[in-house]
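Which chain is which? The protein sequence lines are P and V, in order.
In terms of our numbering, the first sequence is residues 19 to 218.
In terms of our numbering, the second sequence is residues 109 to 391.
One or more hints might be untrue.
Said to hold, decoys possible - Not the full set, but computed from the structure, chain P residues with beta-carbon under 8 Å of chain V:
no., residue
1, Asp-91
2, Leu-97
3, Arg-99
4, Met-101
5, Ser-102
6, His-104
7, Thr-111
8, Ser-117
9, Phe-183
To be verified - No farther apart than 20 Å at their CA atoms in a straight line, the calculated lysine-lysine pairs in the PhoX-like style are these:
no., chain 1, residue 1, chain 2, residue 2
10, P, Lys-190, V, Lys-372
11, V, Lys-385, V, Lys-267
12, P, Lys-195, V, Lys-355
13, V, Lys-279, P, Lys-190
14, V, Lys-172, V, Lys-145
15, V, Lys-161, V, Lys-145
16, V, Lys-180, V, Lys-161
17, P, Lys-190, V, Lys-376
18, V, Lys-155, P, Lys-93
19, V, Lys-180, V, Lys-222
Unchecked claim - Stretches of chain V that chain P covers, calculated by requiring three or more beta carbons in the stretch to come under 8 Å of a beta carbon on chain P:
no., segment
20, 148-161
21, 345-351
22, 361-373
Hints are computed from structural coordinates only; laboratory data are not their basis.
Where is the CB? At the ideal position from N, CA and C, for every residue including glycine.
Now for the letters of each chain:
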Amino acid sequence: MFSVPLRLQSRTTLASFGFYVKNCPVLNLIRAASAEGPCGCFDKGAASGSSGPKSKHQITYQPYRMPEFKPHDKKNMDLNRPMSPHLLIYAPTEPAMTSIVERITGVILTFYAILLSCGTLFLSNGVETYVSIIQSLDLSRPMIFLIKLSLGAPFAFHYFNGIRFCLWNAGKMLAMKDVQDSAKKVYIGTAVLSLLFAIL
Amino acid sequence: MNTARKDVCRLLRFYSGAPGAKPKKVQKTVDPRRTFKVYRFDGIITKAQPQMKNYDLDVSTCGKMVLDALIKIKDMDPTLAFRRSCREGICGSCAINLQGKNCLACITEIPPDKTITIYPIPHMYVIRDLVVDMTHFFNGYDSIRPYLIRHDRSKSLGKHQYAQSVEDNAKLVGLYECVLCACCSTSCPSYWWNGRRFLGPATLLHAYRWVVDSRDEDTEARLYDLKDDFAVFRCHTIMNCSLACPKGLTPHVYIALLKRLISKIDKKPRPSLETLKYASGNK
Numbered sequence: 019m020f021s022v023p024l025r026l027q028s029r030t031t032l033a034s035f036g037f038y039v040k041n042c043p044v045l046n047l048i049r050a051a052s053a054e055g056p057c058g059c060f061d062k063g064a065a066s067g068s069s070g071p072k073s074k075h076q077i078t079y080q081p082y083r084m085p086e087f088k089p090h091d092k093k094n095m096d097l098n099r100p101m102s103p104h105l106l107i108y109a110p111t112e113p114a115m116t117s118i119v120e121r122i123t124g125v126i127l128t129f130y131a132i133l134l135s136c137g138t139l140f141l142s143n144g145v146e147t148y149v150s151i152i153q154s155l156d157l158s159r160p161m162i163f164l165i166k167l168s169l170g171a172p173f174a175f176h177y178f179n180g181i182r183f184c185l186w187n188a189g190k191m192l193a194m195k196d197v198q199d200s201a202k203k204v205y206i207g208t209a210v211l212s213l214l215f216a217i218l
Numbered sequence: 109m110n111t112a113r114k115d116v117c118r119l120l121r122f123y124s125g126a127p128g129a130k131p132k133k134v135q136k137t138v139d140p141r142r143t144f145k146v147y148r149f150d151g152i153i154t155k156a157q158p159q160m161k162n163y164d165l166d167v168s169t170c171g172k173m174v175l176d177a178l179i180k181i182k183d184m185d186p187t188l189a190f191r192r193s194c195r196e197g198i199c200g201s202c203a204i205n206l207q208g209k210n211c212l213a214c215i216t217e218i219p220p221d222k223t224i225t226i227y228p229i230p231h232m233y234v235i236r237d238l239v240v241d242m243t244h245f246f247n248g249y250d251s252i253r254p255y256l257i258r259h260d261r262s263k264s265l266g267k268h269q270y271a272q273s274v275e276d277n278a279k280l281v282g283l284y285e286c287v288l289c290a291c292c293s294t295s296c297p298s299y300w301w302n303g304r305r306f307l308g309p310a311t312l313l314h315a316y317r318w319v320v321d322s323r324d325e326d327t328e329a330r331l332y333d334l335k336d337d338f339a340v341f342r343c344h345t346i347m348n349c350s351l352a353c354p355k356g357l358t359p360h361v362y363i364a365l366l367k368r369l370i371s372k373i374d375k376k377p378r379p380s381l382e383t384l385k386y387a388s389g390n391k
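Looking at chain P on its own, in the form it has when it is part of the complex:
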C-alpha cells in the first residue's frame, strides 16, 4: 500500500514540473505498482493497510523529516562517541609550554598577592610577627638563597613573558623566528632577575 502523499503525485503534476513522464523508469515502476497493488488487487480507495495481512516487502513512503537539531556535544555524547585524545598525546611545543608556564606563574603571583593582602588586613598581630618568626627559624644561607630563588622566579618569568605578550598584542615580534628568539631572551632575563632576588 502506498501512503497518501505519493498517490497525490499524479502524472499531470509531475509533467508540470517538466519531468519527461513517458519513459521514466521510476515512474513506470510507481505506475505499475499503483495500478496493481502488491497483493494483486487494484486499490483505488484510501491508502490504509486494511486489506489482508501486510507483507513485509511493502514499501511505504514518508515525507522527509529533518533530524531534530541537537547541539554538537549533546548529539555526540548521546551517540556515545569517544573523544580523541588530546593533552596526553600532543607533543609539547615551546610556545605552548611558555604560554602555560606564564599562566601558572600568574596564578602563583595572584596567590602571593592574596596572601599578602589578606595577611595585612586580617592578621591581628600584623605581618611583621610572621617575618620575625621566619627570621627566628635561623635558616642557613644556602637555604634562604633557594627559597628566595623559588619565590622570585615566578615573578621574573611572568614579568618578562608579559612584556613579550604585550609586544604580540601590539603586532610586533610575531614571526616564528622572533617568537623563539624572544623566548630565549625571556629565559635569560628570568634567570638573571631571580638570581638578583635571591642574592639581595
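Got chain P; can you put chain V on it based on the hints?
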C-alpha cells in the same frame, strides 16, 4: 608587478620560520621495518573501547608519505578507516596527529623513527578509527559569512568585475591558501576547551581574509559579530596553530591583527583601486 606578491611570500616564509637558508640536517638511517601504532575505534555499534593497534610495515615497500603507509596498512587490515582524497595536500581530508603533532598524511614524509604513532586530530568526537566529526568546525566557518558581501541595492551581482590593485591582492596571500584541514584548530588547547564558542585559528584566518579583502564592504558588521569574549579573544597566543599548519600559514599573526581591528586600534585601509572602476555603465 610581481614584486608585491614576492614580498608577501618572503614575509610569509619569514613569519612561519621556514628553513630558507639553513643547511639540511643529515638524516639518520633507520631500519625500514617500522612499527606503526594506530588509534583504532570500531564505531559505536560495537561496544569496544578505543585502543592502539601495532602494525609492522617495511616502509621501503610503500611510498614515502604517511598516507602511503596508511594505505599499505589498510591492505594488511581492511577495517582501518581514514579520510583521504587528493593525495597532494589541497583537500585537507587526511589530517591526523603524527608523533604528537598535527599534519596532513599525504604531504608528510614518514619520519625516521622506529615507532610511528598515529592518532586522530585531538579533542574531536571519533566516528571510526581516524575519522572524526568535523561538524562544529565547519559550522564555525560558515558562521563568519565566508563570502564577498557588497552593499549593492541595485542587485547587479556578477554583472561587473570588481577591481583590486596588486597590493590589495597581495594582502590575501597567506590567507586564501587555507584548506580547512583543521590541523591548526585542533592543535590549539584553547579550541579544545572552548571549541563550541571559540572559532579557532582556521576560521579566524578566514574571518581576517574577508575583513581585509578590499572588495568586501561588510567590514563593520563582520568585526561587530566577532566582538565578544569568546569568538576571537579566547586566543591566548599559544601559537600551536602556526607550528601545526601543513601549508606553512601563520594564523597567529593574522589573529593578532584581527584583534587589533576588532578593538579599533587599527583601521582597515581604503582600497587603493576603486572597486567599481571597470563597471561599465555604473548602476
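Hint by hint, here is what the structure shows:
With a cut of 8 Å, the hint placing Asp-91/P at the interface with chain V holds, because the nearest CB-to-CB distance is about 7 Å. Taken as an interface hint, Leu-97/P checks out: its beta carbon lies about 6 Å from the nearest beta carbon of chain V, inside 8 Å. With its C-beta approaching chain V no nearer than about 4 Å, Arg-99/P sits inside the 8 Å limit, and its interface hint holds. Because the closest C-beta pair between Met-101/P and chain V is about 6 Å apart, less than 8 Å, the hint holds.
Annotation: Ser-102/P was flagged as interfacial toward chain V, and the flag holds, the nearest CB pair being 4 Å apart, inside 8 Å. The interface hint given for His-104/P is met, as the beta carbon of that residue sits about 4 Å from the closest beta carbon of chain V, less than 8 Å. Given hint, Thr-111/P at the interface with chain V, holds; its Cβ is 5 Å from that chain's nearest Cβ, closer than 8 Å. Residue-level restraint check for Ser-117/P holds (minimum Cβ-Cβ distance to chain V is 5 Å; threshold 8 Å).
Nearest Cβ of chain V to the Cβ of Phe-183/P: about 7 Å, under the 8 Å cut. The hint holds. In summary, the hint linking Lys-190/P to Lys-372/V is supported, as the alpha carbons are separated by about 17 Å, within the 20 Å threshold. Annotation: proposed proximity of Lys-385/V to Lys-267/V holds, straight-line Cα distance about 13 Å (limit 20 Å). Of the supplied pair hints, the one linking Lys-195/P and Lys-355/V holds, its CA atoms being roughly 17 Å apart against a limit of 20 Å.
Restraint check for Lys-279/V and Lys-190/P: the C-alpha separation of about 18 Å stays at or below 20 Å, so the hint holds. About 17 Å separates the Cα atoms of Lys-172/V and Lys-145/V, which keeps this hinted pair within 20 Å; it holds. Restraint check for Lys-161/V and Lys-145/V: satisfied, since their Cα atoms lie roughly 5 Å apart, inside the 20 Å limit. Among the hinted pairs, Lys-180/V with Lys-161/V is consistent with the structure: their alpha-carbon atoms are about 15 Å apart, no more than 20 Å.
Restraint check for Lys-190/P and Lys-376/V: satisfied, since their Cα atoms lie roughly 18 Å apart, inside the 20 Å limit. For the suggested pair Lys-155/V and Lys-93/P, the alpha carbons sit about 18 Å apart, so the restraint of at most 20 Å is met. The straight-line distance between the Cα atoms of Lys-180/V and Lys-222/V is roughly 17 Å, inside the 20 Å bound, and the hint therefore holds. Look at the segment 148-161 of chain V against chain P: 4 of its residues bring a Cβ nearer than 8 Å to a Cβ of that chain, three or more, so the hint holds.
Requiring three or more residues with a Cβ within less than 8 Å of a Cβ of chain P, the coverage given for the segment 345-351 of chain V holds, as 6 such residues are present. Taking a C-beta to C-beta cut-off of 8 Å, the segment 361-373 of chain V contributes 5 residues in contact with chain P, enough for the three needed, and the coverage statement holds.
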